[in-house]
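S.K.: Listed here are the chains, written in short residue letters.
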Amino acid sequence: MHFLQQATPETTQYMIAGYAVIFGVLALYLVSLIVRSRNLKRDMEVLQELEAAEAASDSKKQAG
Amino acid sequence: MDTKPRLLTILDIITGVLFAIAVGMVFFYAPLEATMGEVQRVFYFHVSSAWVGSLGFAVALVAGILYLVKGDRKWDVVEVAAVEISLVFFFITIASGYIWSALAWHMTVWQAMEPRLATAAIVELVYAAYMLLRQGIEDPDRRARFGAIYVILGFVTVPLTFLSIRLLRSIHPVLFGPGSPNAQGDMAMTSEMYTTFFFSLFVFSVLFVDLLWHRIRLGRLASQVEQLRLKVTH
Chain L
1 MHFLQQATPE TTQYMIAGYA VIFGVLALYL VSLIVRSRNL KRDMEVLQEL
51 EAAEAASDSK KQAG
Chain Z
65 MDTKPRLLTI LDIITGVLFA IAVGMVFFYA PLEATMGEVQ RVFYFHVSSA
115 WVGSLGFAVA LVAGILYLVK GDRKWDVVEV AAVEISLVFF FITIASGYIW
165 SALAWHMTVW QAMEPRLATA AIVELVYAAY MLLRQGIEDP DRRARFGAIY
215 VILGFVTVPL TFLSIRLLRS IHPVLFGPGS PNAQGDMAMT SEMYTTFFFS
265 LFVFSVLFVD LLWHRIRLGR LASQVEQLRL KVTH
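Chains as they are written, first to last, in this note's numbering: chain L, 1 to 64; chain Z, 65 to 298.
Chain Z extracted, bound-state conformation:
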């Protein structure tokens, strides 16, 4: 078993400190939003979670392609790690967004039939199915090949969540670029809010790298245990 790299320990500490600063900025630096009140503070980590979720699925896509090209199972380990982390963060995005929307839009999003929520739920289910289906394949090479093809095809669903509020009628705010002409509401932010927002994005990116490294090490250990189990039991 390989020992934990010193660089990873340093990254853990840096991630923890940055995360604490981000939390402090969200609660004490970013001003109170006038129309929504305190619940608006959920926005900073809500969007950051969505960013990490999408980033992770993109990393899984690249890892899947690299596995198919090179045949090296280390890319399969990276792929699974990225998908698992993204599932967690996408769940956080959906749950926190639902809580915020229940107040901000004065209805459940199920009632609003909101495109962003629908497409995000599709992404979550597609990749949750990936994790379940993998477990049913015993042969590691077949499992890796299936996984690689699945994440490549599954990634089609990810940009849909980004585009959904731009192409379809939606009450979800558009943060970047032009929105649909049917979009309602806006997200006017002060400079302190922008600073907090972009810092949160940065911190969550660092958090993703940290978690990915840990999860890859866990995946490698699981592979070693699986190989040793096959050796000992045969």
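Same shape as in the complex, but just chain L:
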């Protein structure tokens, strides 16, 4: 009764779509973490420079 057995359906496209979503979203999140980290480090550097400039300005005022 072999002709009554159902063949395994061809569903490769759905698998590709599923894994495209999984890998795509994971990759986007990793990129987001990297970009946010880079931006925060840049902000930190700028703020530290501002803080140093403020401290130098304050000490000049006190000396003068």
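Keep in mind the hints are simulated off the structure, nothing from the lab.
Don't be surprised by glycine CBs; every beta carbon is placed ideally from N, CA and C.
Careful: at least some of the hints might be erroneous.
According to the in silico footprint, chain Z covers these stretches of chain L (three or more CB under 8 Å from chain Z) [unchecked claim]: (1) 8–20; (2) 43–55.
Calculated Cβ distances over 10 Å to all of chain Z for the following chain L residues [as the list claims (entries may be wrong)]: (3) V31; (4) D58; (5) S59; (6) K60; (7) K61; (8) Q62; (9) A63.
Here are the computed lysine-lysine pairs in the DSS-like style, where the Cα-Cα straight-line distance is at most 25 Å [said to hold, decoys possible]: (10) Z/K295 x Z/K138; (11) L/K60 x Z/K295; (12) Z/K295 x L/K41; (13) Z/K295 x L/K61; (14) Z/K68 x Z/K138; (15) L/K41 x Z/K68; (16) Z/K138 x L/K41.
We have chain L; now place chain Z onto it with these hints.
M.R.: This is chain Z only, laid out in the frame that chain L set:
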């Protein structure tokens, strides 16, 4: 700014290697499933993503409780990190599950009004709202207190997704324990499939720890920048 710990670099490498092995197992070790074909391979990372999502919300719950008890804002940083990662993985779960169901159940799940999808969507929206509402609170202590209470209450929605297919009529397969008497279909798996499945769960758990560590470091840096900004601008 603190430098990246050596242990975290080692964990990154281990996570990458384990993930590559898991992908290899999914595509080359696990056999082809007879009734659904290749799309069944989505199952391994679909369930693993759901596991990580739920785990993250549980970590957020614990962090929220610890913040309310101890008042230390480091727990708020952990809480936000865990929620953010879980949102990503729960989204992956919902999207991959939808793709699989469109074929396996021959209908959109919206048509099927499936309890698992409905409860998962509720969880996703509840925690997405958490992230949005936090941004509207300027004072860090108030924000942390609000966040802690929110994640404790919000966690009620998480076990509902697990129980939904066991208590309600559903076409979603039940993997563990008895299902609803109204459930349809089964998930007969070979030993290779079980090995791939449990290994994927393990790898995603390691991935969660790795991402959590990175996200906590990012949160700490953001806190430092916020404090320095307040200091410099006042």
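S.K.: Quick check: which numbered hints come out false for this structure?
M.R.: Every hint satisfied by this model.
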